[in-house]
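A.B. asks: The primary structure of each chain is shown beneath.
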Amino acid sequence: MAEYKWPEPEKRSLIGKRISRVDGPAKVSGKAKYTYDIKRPDMLYGKVLRSPHAHAKIVSIDTSAAEKMPGVKAVKVIQEPGTEIKWAGDEIVAVAAVDEPTAEDAIRAIKVTYEKLPHLVVEEDLSAAGDNAKPAAEQTAGEPEKAFGEAEVIVEGFYGLPVITHCCLESHGSISEWEGDQNLLVHISTQAVSNVANQIGRPLGIPAANVRVKQDHIGGGFGSKFQVDRWDVTAAQLSKMAGGKPVKIMLERDAELMVAGIRPSAYARVKVGAKRDGEIIAWQSESWNTGGSGGGGSPPLPYVFSVPNKHTQHTGIATNTGSARAWRAPNHPQGCLVTMSALEDTAARLEMDPLDFFLKNIELAGRFAEVYREEFAIAADLMEWKKNWHQRGAKTAGPVKRGLGLSLHTWGGGGHGSNCDVIIHPDGSVEVKMGTQDLGTGTRTAIMMVAAETFGLPLEAIKLMIGDNQFPTSGASGGSTTIGGVSASTRRGTLDALEQLFEKVAPSLNVQPADLEAVAGRIRVKSDPRRGLSWKEACMKIGGTAITTRGRNPGPGTLNSSGVGGVQMADVSVDVETGIVRVNKVVAVQDCGLIIDLKTAESQVYGALIMGVCYALYEERIMDARTGRMLNPNMEFYKLAGLGDIGELVVHMMTGKAYDERGVIGLGEPPVISPGAAISNAVANAVGVRVPSLPLTPDRVLAALQYPDREGGSSKNGGNDAGI
Amino acid sequence: MIKIKPMAEDKKQKAHIRFVLNGETVEVAFAPHKTLLEVLREDLNLTGTKHGCELGECGTCAVLVDGLPILSCLALGLDMEGREVTTIEGMAEGGCLHPLQVTFADLGAAQCGYCSPGFLLTAKELLERNPAPTRDEIREALSGNLCRCTGYIKIYEAVELAAARMRGEEAEPAREIIHGYE
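Sequences listed follow chains A and B, in order.
Here the first sequence is numbered in this note's numbering, starting from 1 and rising by one per residue.
Here the second sequence is numbered in this note's numbering, starting from 1 and rising by one per residue.
If we strip away everything but chain A, and leave its shape as in the complex, we get (with noise of 0.2 Å):
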């Protein structure tokens, strides 16, 4: 049996080298094909009617003019008169028809009269939310109360971010089409190409077995597209009415931003208790957050310091909004933004530097304390630290003021279940062929890299078949669990295959086929390396038949791992007259294990500091709690930060034995956890005074100069009315 391990660093020919994505071509050419772009013949258009309400009952439904008008093929209600409808933008009723302007007209032809219910949409203010708020149970461990008396010094804060949306720049959506009246072909935006038959199957009453589904590239999911949506069966019910024919039904940008997800809110009151040393012995926090009518979880608080006594309760907020799903690294952004302001501000109130601070306290992040410490050097270097870093408060002349501040943090990352069908042809040819997708991040890269590595092949070699569920199956693409499986998963199946090819071949060679190894596209002995084939001639050697082989994951041999740490520094300047914030630099070191292709997981850091500056200083849902409507579902009033707004990114990956030791872990999560905090204490080293809630709008920092006391910044309503 193959010995199942990574090739040792001086054997490496393409593993952890800066290699372009492989579909850069094809998608800098216009020619890669996204999910929106599928037009199928005689494809009609699907529209969805939505609920103007936050809350209401649905009293009843006339769908008879949008039935006769000319061109509408079919209409679906899809919640029944006396349904409860728990947030604006759900779905009522969807049409399909030959083009999208008429399925527009149907849709506004369409009666639904509702009863209204009262609603919650806003969740900052705890007080106001009445039986909708859910308390936990409380959580103690140690004996927080002696230790806060114990206490030298004692910090309270408040401290909290919203509501914000996935905003993925293709839309959430599919294209559904019949072929007779039990096999479905679906063509959707997914982050699980492997899962959807299954999900869509059931509602549907068919197997899955008679679903197919494809994918070639998507443009953007972060979270929020993992499962099979109620629009997407309602595409296959629609195009079963029409007699088969395509139908599609992408969101519009008002309905991706109100109900295609969202990552749930945090607020937090903090109490920490130190030593004067800077010793944190007491945690107490009293947290809570939305998402949306059913739960968001809670953040992880404290969040990677276990402090030894502590004390916290969460209570999660139903509110008539849409649902939580996935953000990138659920929860702990909130938990991280939560923790390290309140322990940066602990900090400042000891006079301490907080990089002091951490490092003093660093024990308490428990198994990555080393790694911590080993990139909170590089990364002070990298930042010139010492040299920049002042007590809070710059006491420079001017309005412009200029501040640093750090954070840390963690994530899993472990490889998801992954299947691929290896096949080296008797003509030299390979495949891979794996149910998985690729969100942009290069998993098709990594994938061709690993079979590359395997076979001493050039990378073009490979001829890699994602993206389609009649492919072996593979996870789907959240939580950092992708590069971990498909690397894994293709180097069992490439080292399986290369061996029957090895015994093939060693008989020609006179020896055993443990002898042999794969190299710069030759089948070689080891002892001799000038004796052997090419790789061509050694695959002539396999027969009639091709060699197959399936790899999985998980499986024999240590080829992945769980677990990174991370650390972040920020450089702001604050505008003390206008409260505009600008990001000047981000440092990130990150470690994810043994890195497969370091110019793609640069990438993945460089993207999650800018979606870091995007909910650190712009994005946030904001409700109106009158009509209980998003008041911002657009791209003009939902803020994301665009070329100008980013500063100067320096981005460090962790390399070398101790790294690669631990076999390679995901790595979309880690880096989009800490820009939030690491942002807001660098606002609250410029200014002097924290701004509680993010994002740092110059509203919020403004009332925060003004009124540094009080709790949650700008206004009770979680948001910048006066912004709008």
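If you're looking for bench data, these hints aren't it; they were derived computationally from the structure.
Do not take every clue at face value.
[As the list claims (entries may be wrong)] The calculated lysine-lysine pairs, modelled on DSS-like cross-linking and capped at a C-alpha distance of 25 Å, are: (1) A:Lys504 / A:Lys463; (2) B:Lys14 / A:Lys39; (3) A:Lys387 / A:Lys401; (4) A:Lys68 / B:Lys14.
[Unchecked claim] If we take Cβ atoms under 7 Å as the criterion, some of the chain B residues that face chain A in the derived model are: (5) Phe19; (6) Gly52; (7) Ile88; (8) Cys96; (9) Gln111; (10) Gly113; (11) Ser143; (12) Ile153.
In this text, all values refer to a predicted model and were calculated from it rather than measured experimentally.
Using N, Cα and C, we set each Cβ at its ideal position, and we do this for glycine too.
Given chain A, work out where chain B should sit, using these hints.
C.D. replies: Only chain B this time, still in chain A's reference frame:
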């Protein structure tokens, strides 16, 4: 209550225009209400121009009309009569990628790639009028394009590297682009 008038019959009357698309004269018939974005994607099957917000907010659908970047979701197809339109499919010349396409692909400026066509065409126009843009000038030119993944840093670097190569310099990426921060 707005009165709804059935439209389907009217819509069958198609507009018919002729314009230059990616260097070739085309004639196309389409429902007259359609935006340029819809005409390109639905009637000419050129789906490289992406559909992002359809409200002129994200820049994903940018194309060049008479050499200038416009948002195709806000332009009427009818207005293209006699104009010259360049889409991402027309950016490569004779099967050879434009220098910007090369650097975007090589440096990882395209991650999910959905925003890339809009960025590329907007950047192409910038480099045609300003062969040596500063970062501020790049920022200004590309400020209407949003990326969510996000590749902004690499987009800056890709535009700068392509500009240098188009000026005839034998430019290579900066050391930290290849080797990182060590």
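A.B. asks: It remains to establish, for every hint, whether it holds in the given structure.
C.D. replies: Here is how each hint holds up against the structure:
no., hint, in the structure
1, A:Lys504 / A:Lys463, "holds, 22 Å"
2, B:Lys14 / A:Lys39, "holds, 20 Å"
3, A:Lys387 / A:Lys401, "holds, 16 Å"
4, A:Lys68 / B:Lys14, "holds, 23 Å"
5, Phe19, "violated, 18 Å"
6, Gly52, "holds, 5 Å"
7, Ile88, "holds, 4 Å"
8, Cys96, "violated, 11 Å"
9, Gln111, "holds, 4 Å"
10, Gly113, "holds, 3 Å"
11, Ser143, "holds, 5 Å"
12, Ile153, "holds, 5 Å"
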